[in-house]
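Asker: One letter stands for each residue in the lines below.
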Amino acid sequence: MSTIPSPPQTDLAPLPDEPPVRRRSAGAGGTARLRHVGLPFGSLLLFLLLWQLLAVSGTWSETLVPPPAKVWSAFVDVSTTHDGVRGYNGTTLIEHLGISLRRIALGAGLGIALGVVFGLVMGTVGWVRSLFEPWITFLRTLPPLAYFSLLIIWLGINEEPKITLLAVAAFPPVAVSTTTAVTAVSQSLVEAARALGGSRWDVVKDVVVPSALPETLTGVRLAVGVAYSSLVAAELVNGLPGIGGMVKDAANYNNTPVVLVGIIAIGVSGLVIDALLLRLERAVVPWRGHV
Amino acid sequence: MSSSDTVDKGAEAQDTGRAGSVRLDRVTHRYGRGGATVTAVGPVDLTVPAGEFLVLVGASGCGKSTLLRLIAGFEQPTYGAVRVSGTAPRPGGTAGVVFQTPRLFPWRTVRGNIDLALRYAGVDRARWPQRRAELLARVGLEGTEERRIWEISGGQQQRVAIARALAAENPLFLFDEPFAALDALTRERLQEDVRQVTAETGRTTVFVTHSADEAVFLGSRIVVLTKSPGTVALDLPITLPRSAVDADELRESREFADLRTKVAHAVKSAAAA
Chain A
1 MSTIPSPPQT DLAPLPDEPP VRRRSAGAGG TARLRHVGLP FGSLLLFLLL
51 WQLLAVSGTW SETLVPPPAK VWSAFVDVST THDGVRGYNG TTLIEHLGIS
101 LRRIALGAGL GIALGVVFGL VMGTVGWVRS LFEPWITFLR TLPPLAYFSL
151 LIIWLGINEE PKITLLAVAA FPPVAVSTTT AVTAVSQSLV EAARALGGSR
201 WDVVKDVVVP SALPETLTGV RLAVGVAYSS LVAAELVNGL PGIGGMVKDA
251 ANYNNTPVVL VGIIAIGVSG LVIDALLLRL ERAVVPWRGH V
Chain B
292 MSSSDTVDKG AEAQDTGRAG SVRLDRVTHR YGRGGATVTA VGPVDLTVPA
342 GEFLVLVGAS GCGKSTLLRL IAGFEQPTYG AVRVSGTAPR PGGTAGVVFQ
392 TPRLFPWRTV RGNIDLALRY AGVDRARWPQ RRAELLARVG LEGTEERRIW
442 EISGGQQQRV AIARALAAEN PLFLFDEPFA ALDALTRERL QEDVRQVTAE
492 TGRTTVFVTH SADEAVFLGS RIVVLTKSPG TVALDLPITL PRSAVDADEL
542 RESREFADLR TKVAHAVKSA AAA
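Sequences listed follow chains A and B, in order. So that you can map any letter, position 121 of the first sequence is 121 in this note's numbering, and since no number is skipped, the others follow by simple counting. Each number in this note's numbering comes from the position in the second sequence (counting from 1) with 291 added on.
With the rest of the complex left out, here is chain A (with noise of 0.2 Å):
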């Protein structure tokens, strides 16, 4: 049976002629670890090093650039309970971030619900499109500190401002990647799925959506992103737990070393969402790039 063969077939098909090839695949492999695992580990070590000889070489005083080894020991102090107190006001670490992040789903998640709805009415309803996209595309400019003002005004001070400052931060790029992908969803599956029988709902349902997916997917990446940049400024006022809210009040305190910790945290804590998308993307759309 003749078969395309899919991209990991591809790499084994030289394995017939075995002891050289294998060598070669051997090295090859080991020349990708060193740069897929080496390279960011490296220039991670590299940074600490040049971060600890400009701490020590007293260029700056020590609460303007404080050592790699006081945010160590910040670090470890917010994350355990020392001397009867708790983390940092009475909150480890780790459960900063947890009330962020819970706020990030329920804020992103409504977000992002909202925008792909939009964008699925605004890519087949022509007229809706004319009427939102001006005012998504203004929405999008702002930054959300502009805005955080009027919904603390709104809203009051506890969690409303801060999820809808977030959902209001993750709805336009979802809007906008949905949208672009439904007015590009393919015209002859479309037409293949009328001259099947399906009705109106069934081609937005079988084809529309489908097809729309792998670019909403990447949507949904690029707002959690806005949504983890939107956090420090959703957390300015009474964020308290929360990991941006901790960075705010430590700034207050001129406390380097936890604003240290808090950004960190917020950094790494993204890489690794972003990590999880992707993987959630590539088991979600199999089909993208054969399309």
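FYI, nobody ran anything at the bench for these hints, they're computed from the structure. Beta carbons are placed, not taken as given, at the ideal position from N, Cα and C, and that holds for glycine. A few of these clues could be false.
If you want the footprint, here are the derived chain A segments under chain B, 3+ residues with CB under 8 Å [to be verified]:
| hint | segment |
| --- | --- |
| 1 | 191-197 |
| 2 | 200-211 |
Per label pair, the in silico range of CB-to-CB distance [claimed, not checked]:
| hint | chain 1 | residue 1 | chain 2 | residue 2 | range |
| --- | --- | --- | --- | --- | --- |
| 3 | B | G493 | A | G126 | 57 to 65 Å |
| 4 | A | F132 | B | T378 | 34 to 42 Å |
| 5 | A | N158 | B | G384 | 53 to 61 Å |
Which stretches of chain B does chain A cover? Using the computed rule of at least three CB atoms under 8 Å from a CB of chain A, they are [to be verified]:
| hint | segment |
| --- | --- |
| 6 | 310-321 |
| 7 | 505-515 |
Chain A is already provided as a structure; the job is to place chain B on it using the hints.
Answerer: Chain B only, in chain A's frame:
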């Protein structure tokens, strides 16, 4: 078959209302609007009785695909009327269509593509496994249910498309140059299978191609179209001893070669005119 079978009003009147019959009545189709219109087809008068295998042949740009789209109901004629089984055609309701490219849904497996067609056709879910197996057996694709679309060859993809178009059991089958992109060997094998499938199911077929060879091999009647706008240049019944000989013998026979030459000449002069 419809109830009009019982009424005897002469062959043509009977045929135009029968399930699967096609009737084009002074059909003209124009693209564009205002002063900048292009007449793609017409005027065309054509009656395809139920059970016939009609092949539309013509050079590229002669409007043969447009004619097929009119019969499928994707386009409405600017003038004149199209009737399929006595009513106005409606996409998905009157004919099974196989396009130039397979147009399979890549987010579904082979099974998923067939199942979608069965669902749209309103087949009872309990009957899906049996119907799916029948359809795949009919196009020679047993055991490929779980394959992804990009894991099977172009010829196999077009076979899935044929099986999918058969799911609804419409009495009319439309093909728009379905094998143009395939290699010669695959093309010949699929031509034999299409002949067999349509003969077995007794469906009316309208098949568009630019190949005289394909036309003579498949058709029980060949219509050659002139170029822009497409009108009927030649209407030729084909009587070859199909059941008596095998496909290769038929292709190598003297009668086949004569007909192919005749059709090829007609296509050439129609394109030049």
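Asker: Work down the list of hints and note, for each, if the structure agrees.
Answerer: A quick look at each hint next to the structure:
Only residues whose beta carbon comes within less than 8 Å of a beta carbon in chain B count, and the segment 191-197 of chain A has 7; three or more means the coverage holds. Here's how the segment 200-211 of chain A fares: 5 of its residues keep a CB closer than 8 Å to some CB of chain B, so the rule of at least three is met and the hint holds. Take G493 of chain B and G126 of chain A: their Cβ atoms lie about 44 Å apart, and the range 57 to 65 Å is violated. In this structure, F132 of chain A and T378 of chain B meet the distance hint of 34 to 42 Å, their C-beta atoms being roughly 40 Å apart.
Range check, N158 of chain A to G384 of chain B: Cβ separation about 57 Å, and the 53 to 61 Å hint holds. Three residues within the 8 Å Cβ limit are the bar, and the segment 310-321 of chain B against chain A gives 0, so the coverage statement is violated. Only residues whose C-beta sits within less than 8 Å of a C-beta in chain A count toward coverage, and the segment 505-515 of chain B has 0 of them, not enough to reach three; the restraint is violated.
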